[in-house]
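Asks: Required output: the full structure, derived from the provided sequences and hints.
Numbering (UniProt numbering), first residue to last: 1 to 543.
Treat the hints with care, since some could be wrong.
Calculated lysine-lysine pairs in the DSSO-like style (CA-CA distance at most 27 Å, straight line) [to be verified]:
{"hint": "1", "residue 1": "K444", "residue 2": "K484"}
{"hint": "2", "residue 1": "K468", "residue 2": "K452"}
{"hint": "3", "residue 1": "K484", "residue 2": "K504"}
{"hint": "4", "residue 1": "K431", "residue 2": "K465"}
{"hint": "5", "residue 1": "K288", "residue 2": "K324"}
{"hint": "6", "residue 1": "K86", "residue 2": "K431"}
{"hint": "7", "residue 1": "K465", "residue 2": "K484"}
{"hint": "8", "residue 1": "K465", "residue 2": "K452"}
{"hint": "9", "residue 1": "K468", "residue 2": "K440"}
{"hint": "10", "residue 1": "K462", "residue 2": "K485"}
{"hint": "11", "residue 1": "K27", "residue 2": "K485"}
{"hint": "12", "residue 1": "K86", "residue 2": "K27"}
{"hint": "13", "residue 1": "K452", "residue 2": "K484"}
{"hint": "14", "residue 1": "K448", "residue 2": "K468"}
{"hint": "15", "residue 1": "K39", "residue 2": "K27"}
{"hint": "16", "residue 1": "K90", "residue 2": "K39"}
{"hint": "17", "residue 1": "K145", "residue 2": "K186"}
{"hint": "18", "residue 1": "K485", "residue 2": "K248"}
Label pairs and their calculated CB-CB ranges [what the hints assert, rightly or not]:
{"hint": "19", "residue 1": "D61", "residue 2": "T31", "range": "20 to 28 Å"}
{"hint": "20", "residue 1": "F142", "residue 2": "R536", "range": "18 to 26 Å"}
{"hint": "21", "residue 1": "L521", "residue 2": "K90", "range": "39 to 47 Å"}
Hint data in this document are derived by calculation from the structure and do not stem from the laboratory.
In this text, all values refer to a predicted model and were calculated from it rather than measured experimentally.
Note that CB positions come from ideal geometry on N, CA and C, so glycine has one too.
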Amino acid sequence: MSGYVGILVSDPCLQNQFTQVELRSLKSHFTSMRRESGKLTLGDLASRMSRFKAVGENLSDQETTDFIAALYPNFNDEVDFESFLKVYLKLHAHASSRTGNPAKNSSAFLKAATTTLLHTISESEKASYVAHINNYLAQDGFLNKYLPIDPSSNDLFEIVKDGVLLCKLINVAVPGTIDERAINTKRLLNPWERNENHTLCLNSAKAIGCTVVNIGTQDFIEGRRHLVLGLISQIIKIQLLADLNLKKTPQLVELVDDSKDVEELMSLPPEKILLRWMNFQLKKSSYKKIVTNFSTDVKDAEAYAHLLNVLAPEHSNPSTLAVKDPLQRAKLVLDLADRMGCKRYLTAKDIVDGSPNLNLAFVAHIFQHRNGLSTQTKQISFLETLPDDAQVSREERVFRFWINSLGNSTYIDNVFEDLRNGWILLETLDKVSPGIVNWKVANKPPIKLPFKKVENCNQVVKIGKQLKFSLVNIAGNDIVQGNKKLILAYLWQLMRFNILQLLKNLRSHSHGKEITDVDILRWANTKVSNSGSQSRMDSFKLK
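Replies: What follows is the structure, given as structure tokens:
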């Protein structure tokens, strides 16, 4: 099973435009289209490209036909897979340009060959992330022979090539994401084992909320620094912002006045909550400005000086606010942070330069170390409805990680809340069974009218029935209302369908031999045994 190398095309430039996930999806589309009529011509393609989400949303069938006709006059020419990919690239780019924001609506199809571009990285960010890795992974039994990493060298990009460090870092950010028995940790890995680690890393990164676009296993092998550092940055950011929610830090209710505002607070991304917390603390000082970002609004270090004086008055230094030079003030701020016991994550120059990633990391660590909120939580009745650990089931966590790993447009924090408008479910269905969603009748977020959400969820249920799901007494409104039992039942069948499709694809790569439970159990037991564990599973029915 580890010998699968993916879909290859003869043109290297064309191959470089897509990730393997995208190629598999496009290959499935192409095969389905060709199966419908025995062969696929340009004329057929013109009428069927609206099945693609970005095309169907932005172009009418006639506009699609006219665009292809302008490129290829002979509609009777037969289309092979590589020609199909080229048409897709051009049409997808044209459809995205209609929105006025190609970067947001496109992914790999606009990517140029990485080897032809000059990418730079921030040495300050690299040094900060290396220090973070040295600190949090220092006690790891496998990595301790490589640590500490020298931040002034490029050793980091060599060490990540086998995928182990990134997998371990993901588990630091969100404990329990990866079963470490699944990580290949031999001293010398063959290409297949290394590829398994990379795939495990990328899927897990997406599952915890990283945006993984235009990065694949080859990027790790080649040590493409800007891509590797970008992924590490996201993983560390998720770790540092992990406490910025009401479940982990219920004292955050101090930032709002009533239960309606609590609902709004719960819907904010962690970065916005961090900004709101910072401004809440700054109101206790003489600082009158509102901080709206972690770049230009903090580069004079004045906001930091006021914030730390509020949080740690016992360490306050009047000269911090008296100095006129921003760089000198930034140095005094960092000295104060050191006395508080906070990790720096940045230098005084990084503050003055307005480095957004490092400033965010700095403020997040201040929040973790001393948030200045009352230990007496406000008694807001809405908090009593928040699910505790007993209510948030293992199933919800598994389904959430699985949906996020598919690379949908929006990261979900809770399947019972974030799927209620139906859009993410439609995107998931389109990933699992390409072309099955009718995007022309789908309602794109933000959706304010309840009946629009019901329309999306009705299509979700309708597609489920097409896929032969057992959906007795399940209607679109049940999903909109957040019915936990019925949502879990639907997601279980959807995930099962996806896994069966994967096994079917593996069968086509194993000379027609059907992949059975025995094959999967043998593979799993081998992985566990190689990790040094004596555990063994003989059946999926074991509890």
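Asks: Within a Cα-Cα threshold of 27 Å, do K468 and K452 meet the stated pairing?
Replies: The hint holds at about 25 Å.
Asks: Does the Cβ distance between D61 and T31 fall inside 20 to 28 Å?
Replies: holds, 22 Å
Asks: For K462 and K485, compute the direct alpha-carbon distance and say whether it is at most 27 Å.
Replies: Given that 27 Å is the threshold and the Cα spacing comes to 18 Å, the pair holds.
Asks: Against the range 18 to 26 Å, how does the distance between the Cβ atoms of F142 and R536 compare: consistent or not?
Replies: This hint holds: roughly 23 Å between Cβ atoms.
Asks: Please work out if K27 and K485 have their alpha carbons no farther apart than 27 Å.
Replies: violated, 35 Å
Asks: Taking 27 Å as the top limit, are the C-alpha atoms of K288 and K324 close enough?
Replies: holds, 18 Å
Asks: Between K444 and K484, is the straight-line Cα distance small enough, at 27 Å or below?
Replies: Holds, at roughly 23 Å.
Asks: Mind checking the alpha carbons of K39 and K27 for me, to see if they're no more than 27 Å apart?
Replies: holds, 14 Å
Asks: Tell me if the straight-line CA distance from K86 to K27 falls inside 27 Å.
Replies: Holds, at about 13 Å.
Asks: Can you confirm whether the C-alpha distance between K448 and K468 stays at or below 27 Å?
Replies: violated, 31 Å
Asks: Does K465 lie within 27 Å of K431 when you go C-alpha to C-alpha?
Replies: holds, 17 Å
Asks: Is the Cα-Cα distance between K485 and K248 27 Å or less?
Replies: holds, 25 Å
Hints 3, 11, 14 from the earlier list are contradicted by this structure; the remaining hints agree with it.
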